[in-house]
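S.K.: What follows is the residue order along each chain.
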Amino acid sequence: MTFAPALTTLILFLAIGIWIAAILDAVFYRRISGQGGVSVLSPFYAAAAHLSRQRLTTEAPDRLNWYLAIAGYLAIATIGLAVVPFGPETAVIGIKTSVVLWGACESLVVVLVFLHGWSPNSPLALIGAYRYVAIGLPIMLLSMFVLIAAALPARSLDLRDIVASQEGLWNIIRQPLGLPLFLLLGLSLTLRGPFDYADSADLAGGTSVEDSGANRAGWQVARLAMLVGFSAIAASTFLGGYLGPILPGIVWLAIKTLILMAVVIGLSHLLARMPVARMLGLIWKFLLPIAFVDLLLAGLVALA
Amino acid sequence: MTTLITIFLVLGLSVLFTAGLRTASGTDLADHITNPQQRPVLGGSDPKTHAWQRFHVRYYTMTLVFVAFEMEMMFMYPWAVVFVEEGPKALAEMGMFLTILSVGILYGWREGIFRWE
Amino acid sequence: MAKLASQAPVPVFVAQGDDAPAETARLCLNSTLTIVETPRAAAILLVAGTIPASLIPNLHRLHDQLPHPRATVFWQAEPTDLLSEAVTVRNDDNLVSVLTDTRSSLLSGSHGTEADLLPDAPPNEWRGVGSHGQGGKGMMGGTPYGRPMAMTAADFRDGLELDAYTADFGPFLPMFPPGLVLTLTLQGDVIQKVSVVHLPFAGEGNAGAALLRLLGLPALAKRLLRGPSDDADFKRLIRLSGVRAAIPPGLGCAPIGSDVRERFERLTTDPGNPSKVHVDGVGLGDLLIGLEWHEAMLVLNSFDDESLRAICANTSSPEPEEKNGDSMDHEGHAGHMS
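Protein chains in written order, with numbering that gives the first Met the number 0: chain A, 0 to 303; chain B, 0 to 116; chain C, 0 to 337.
Among the clues, some could well be false.
If you want the footprint, here are the derived chain B segments under chain A, 3+ residues with CB under 8 Å [what the hints assert, rightly or not]:
(1) 33–39
(2) 56–70
Residues from chain C shown here face chain B by an in silico Cβ test under 8 Å; the list is partial [claimed, not checked]:
(3) 82
(4) 159
(5) 166
(6) 171
(7) 236
(8) 238
Rather than coming from a laboratory, the hints here were simulated on the basis of the structure.
For clarity, every value in this text was computed on a predicted model and none was experimentally measured.
Cβ coordinates follow ideal geometry from the N, Cα and C atoms, glycine included.
For reference, chain A alone in the conformation it holds in the complex (with noise of 0.2 Å):
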């Protein structure tokens, strides 16, 4: 493939990735709470909605950060779909260092969100944007040592060569400890359910508490934007992306990229936020170490 084409089906992949996952979401909530149908078309309906009224700023705003924050999320989160190979050989961003990229993106949602929080100058959102760094930093060390261990075996922090080590066997089955961990990672990056210390109810919406408008539309589209990202680079590095038998490869890792967007809403839906300070000691004292045994684990299979 060939630059152009390759940001055309990135851009559609994630568009389309952004209607279903807000469309999942719906079906996930209503289902649990007990309610009825949701339509297909309800995701253009809300934007329409927030679209319909006035964007607010509050009190000596930090403007520029207010825009850089919510552009930036979605920019971070199609970077991470960026460096996804749609099959053998082809990613928009395809270098030898795409898992590194990737983590660079994760330190600066970090950034982004704080900023989200700072920028309005209202001290509930203030509150969410310190309270999601506490958990936000720690959180990404789990990342990092599930996605060396995923890189041992294909001795390359190439995504791509990532994806073509699963040739034989998915790493979910090599690295049974590095999907639920990573999936962590995925709830905190999308601020959903129990890693939502950002956008919380506690905080009467936290970091978004004093958006409106298009602001509003435009957070909830990024963190939708980084749900895709996020399945896609997790569909790569644990159920073998595009590998897949008949079908095209794309359309593999879009089926994977879906079943990871449900078991990433499902999961934030379905499980209680303890307060920061208890799910601080919980990810040093408790998985941490299980990322540690997950890379020894990987290793020593690595080398059998």
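Got chain A sorted already, so can you dock chains B and C onto it with the hints?
M.R.: Quick look at chains B and C alone, frame taken from chain A:
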């Protein structure tokens, strides 16, 4: 080079998309945001001061331990690539490194840095 | 655009007053409405029940925070003087259709958006003497953009002198019991001081659903509001969600006799019969001071209405403003506090 261009292109497109949302949302609505509209949300109460402040960050010490691990990550990237060639020696070396860092976690735990103190 | 937008659920922010209709909490079960968390996301402000005179200024401030186009609907309540034009609903049956119609006519423009109730002026006079127009001397002096900056105070735990943020919170915050107004002093996200400005309203409690929402389980909260709690499916979902593990043991226990975990169990399994707590002489300060924000909100929402009112009544009212940390301020803005 193409990577950099792609990244800037994506960034540019995202900025344009966000700008597009802003222009798409009702230009016929009142553009002027009045002072009472700008008051930060406190459920109907009026804040006394600005929200920006020297915030008491309770997890400050935790971030120091985090930095140690992030630096270690930089060594892990090249390590992952050569791991299979180097064999058990590489595994033992990284094991030692992680053990030393884990002592830091245990020490921090004893000092209570994972609590909200 | 307006046509698409009118297909979406109506975003309603509920300002709950005294004697709010019992159906208020269950409005969120109606799929043609979304009950939003912040006025910024709402098109309609629904005032349910009577707002006491002392809270009417708060209602007016809240009203002005909604983005245009906006409308107010009073449900079983008298419109306030400034909002006499607003839609009023007496009969329960047609509330949802009134809300839907109001939103449609807002979008089509046949119902003009409501203007601000408060004057368009900065909260305080500020264009002053400083080089950046901050209106005072020194780094923290003056009232830049109409408000002073927070001033330093020692943290009660470690004595670290960082900015203490003091403000009134409530009465229309979704994570507060309706009607409750607290003056909180925060260092970061930890509560340092608490006093009660306005007691929560008495009424039918929905603490179980409120707690589930605070624990990040809004879908399960709806399910609890919907009906019989002897639903085995619901019980299994609650168990699997790890709520028990999520609530720290001993939270909100000290002089009360039961902790949040225990109270939560009672609220979700047996809502009609909340666990009795010993509230004699216990104030909010005993429960909330030193807690992180999320923990504090969990504690606040774990009581039945009667006990919470008793606890709030035991808590001191705020001191007169000038005494309260303001004495440390420069004289520059002493007269500006509104």
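S.K.: Using Cβ atoms only, decide whether residue 238(C) comes closer than 8 Å to chain B, and label the hint accordingly.
M.R.: Because about 27 Å separates residue 238(C) from the closest Cβ in chain B, which is outside the 8 Å limit, the hint is violated.
S.K.: Mind checking the CB of residue 171(C) against every CB in chain B and telling me if the closest is under 8 Å?
M.R.: With Cβ-Cβ at 4 Å, under 8 Å, it holds.
S.K.: Given as covered by chain A, does the segment 33–39 of chain B meet the bar of three residues or more with CB within less than 8 Å?
M.R.: This one holds; 5 residues, not fewer than the three required, reach chain A with a Cβ under 8 Å.
S.K.: Just to be careful: measuring from the Cβ of residue 166(C) to every Cβ in chain B, is the smallest value less than 8 Å?
M.R.: Status holds, d = 5 Å.
S.K.: If you take the shortest Cβ to Cβ gap from residue 236(C) to chain B, is it below 8 Å?
M.R.: Hint on residue 236(C): violated, closest Cβ of chain B at ~29 Å, above 8 Å.
S.K.: Going by Cβ atoms only, is residue 82(C) closer than 8 Å to chain B?
M.R.: 14 Å, violated
S.K.: Test coverage of the segment 56–70 of chain B by chain A using CB-CB distances below 8 Å; three residues minimum.
M.R.: Since three or more residues must qualify, the claim that chain A covers the segment 56–70 of chain B holds, with 9 doing so at under 8 Å.
S.K.: Taking 8 Å as the limit, does the beta-carbon of residue 159(C) come near enough to a beta-carbon in chain B?
M.R.: 7 Å, holds
Hint compliance for this structure: hints 3, 7, 8 are broken, all remaining hints hold.
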